[in-house]
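Q: Given the coordinates of chain Z, assemble chain G onto it according to the supplied hints.
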Amino acid sequence: MRISRPIVPVALALALAACGSDAQPAAEAQEIKVGLLHSLSGTMAISEVTVRDAELLAIDEINRAGGVLGKKLVPVAEDGASDWPTFAEKATKLIRQDKVATVFGGWTSASRKAMLPVFERYKALLWYPVQYEGLESSPYIFYTGATTNQQIIPGLDYLKEQGKKKVFLVGSDYVFPRTANKIIKAYAAANGMEVLGEEYTPLGHTEYSTLVNKVVQARPDAVFNTLNGDSNVAFFKQLKSAGVTAETMPVLSVSVAEEEVTGIGVDNIAGHPVAWNYYQTTETPANEAFVKAYKAKYGATKVTSDPMEAGYNAVYLWAEAVKKAGTTEVEAVKKAAPGISLDRPEGKVTIDGENQHLYKTARIGIIQPDGLIKQVWDSGEPIKPDPYLKAYPWAAGLAAS
Amino acid sequence: MTAFVNQLPIGLSIGAVLLLVALGLTFTFGQMGVINMAHGEFIMAGAYTAFLIGDLVLALPAAFLVAGAMGLVLERAAVRHFYGRPLDTLLLTWGVSLVLQQLARDLFGAPNVQVPAPSWLAGGVGILPYNRLFIMALAVAGVVAVWLYLNRTALGRRTQAVVQNRRLAATSGIDTGRVDMLTFFVGSGLAGVAGVALTLIGPVGPGLGTYYIVDAFLVVVAGGLGQLRGAVLAAAGLGLLNSYAEFWSDASLAKVIVFAVIIAFLQVRPQGMFVLRSRVLT
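Going down the list, the protein sequences come from chains Z and G. All letters in the first sequence, in the order written, are residues 797 to 1197 by this note's numbering. All letters in the second sequence, in the order written, are residues 27 to 308 by this note's numbering.
Only chain Z is shown next, with the shape it has when bound in the complex (with noise of 0.2 Å):
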């Protein structure tokens, strides 16, 4: 069983698209192709293969119900390999010979930075499912995970709400950690937080000892987690092993959703809290359809998370776009897109017109005994995208620098 199911939807992948290279003018009019763009092997497979296998949920979703335009979405899957350059050049023979309507695709912020001058060089669309540093907004990106306002901040006034006024900052040595600790710092100057240590490993780090001594020496009252992939696993249970629990010191992750749990093991984090937008236990109508359809597809014991989430409602925001405009043509849709509002698992959200990035509701939760994510504090309204900080004073300056 565990054995075929990745295989089942990349061969499927694999036979459309080669059904619809074919060039048969007629089966053609009645398709549209779209890529699919994320690591299935590489370091990074462990998140982006699950973004896809939901994405391709939303398109067997839209072509049951008859399409877009009346025609079939056909997806075109290529494999990122976890490597940047690859994605900018995989990206490139999607525009160019496969010649998709939009592609869906990335999630490191190396991997979008590494694309992002190639869809604005040939005017073609990404879809861009993982929350990220914000300071960015390309006029040919749609950015359906959060920005720092939409996590990030809210996860920090959570923690001040807490009365917790001594930080701890642990994250992977790359742009989104660094970005975000920046953040994490004016923050905490402005709202009389401390920020008592800032310390970066390596991705694919595992020794923690050091790391774990630092921070318990340093007795902060909660640690602001930006680790990415495997290394949460070695922080937490190097963590616990230490005698750290989440009453003594809580670590607040941005980065850890119910995919990465099981891996770190529900014993080494329960307690924890997380901060995002969507958790499988988010009580919409939607969702309880979303959760359902698809442990369905892909099998009774699989978890949906908040990036896998965002990737499938990219699907449909692009597809209702489309509509909108009545052409898949990228300047139309680009047109039509703003303003379009839809009911998603994780509640309402909107294209912001200004900066292609959705109003989405802040939601913080914490890690539960049977791995999924409960709860417990939510901004009660979707929070405007603000990839610059603009409304922040303490921000000003950063998005400069």
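Rather than coming from a laboratory, the hints here were simulated on the basis of the structure. Backbone N, C-alpha and C define an ideal beta-carbon position, used for all residues, glycine too. Please note: incorrect hints may appear among the correct ones.
[Stated by the list, open to error] Per label pair, the in silico range of CB-to-CB distance:
1. G:149 x Z:1058: 22 to 32 Å
2. Z:1187 x G:83: 55 to 65 Å
3. G:117 x Z:1015: 49 to 59 Å
A: Relative to the frame of chain Z, chain G by itself:
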């Protein structure tokens, strides 16, 4: 000050992890001169064995056999045709390593899996958790076992004889092909044992091996090829260096410092800490 003192046992425990992942390489790379890039994937195979068995203690011998068997197949099917061609071996085993990673991804899925730590390893003494002490004890036991094997068993002595002079050993009636096979079996099996121990502190996923392979080679190279005491000293030294370098700077810079020290050290002593005077495999 406490933090500073704490770094000493932490350094030794980092050293124990390094030693454990490198122990198998002292056989395949150290004794036989095979640059086995798939060593990391044998570690991964050990970790997944622990995942399938679900019991750490039972998994230790099982992982030894599983990873050892994989090593045996690799040696018989491929590596033995490439002896004396280190660059070809490197490419070959690197390819095997990629294949094994993808195989793990297809078999177990891309996300990490969880191996529950036994309850008797919860808690700790001072700064060191019991699971770290367990790894240190396992590393010591591994070194003792390897030493006994090499010096106190007929098979081990034959291994040494083949390393020191292959043709003379063959002339003396030693089946060198069989010795190669067994050496590779033991070396790979030790990687499997390391994999079981690593489930206590790190991720268990298809990429597991890639996180440790470079460190493992560093230990063997710095210690001197084929030298058990060299590997022990190098692992302890690198562990302590890592611990204090990271304490005074950060993890990224500590890596740079460790590499810089090793490069400088190899300028002075290209053969590593200890030199084995022998003829390498031809």
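Q: Can you give the numbers of the hints that this structure goes against, from lowest to highest?
A: none
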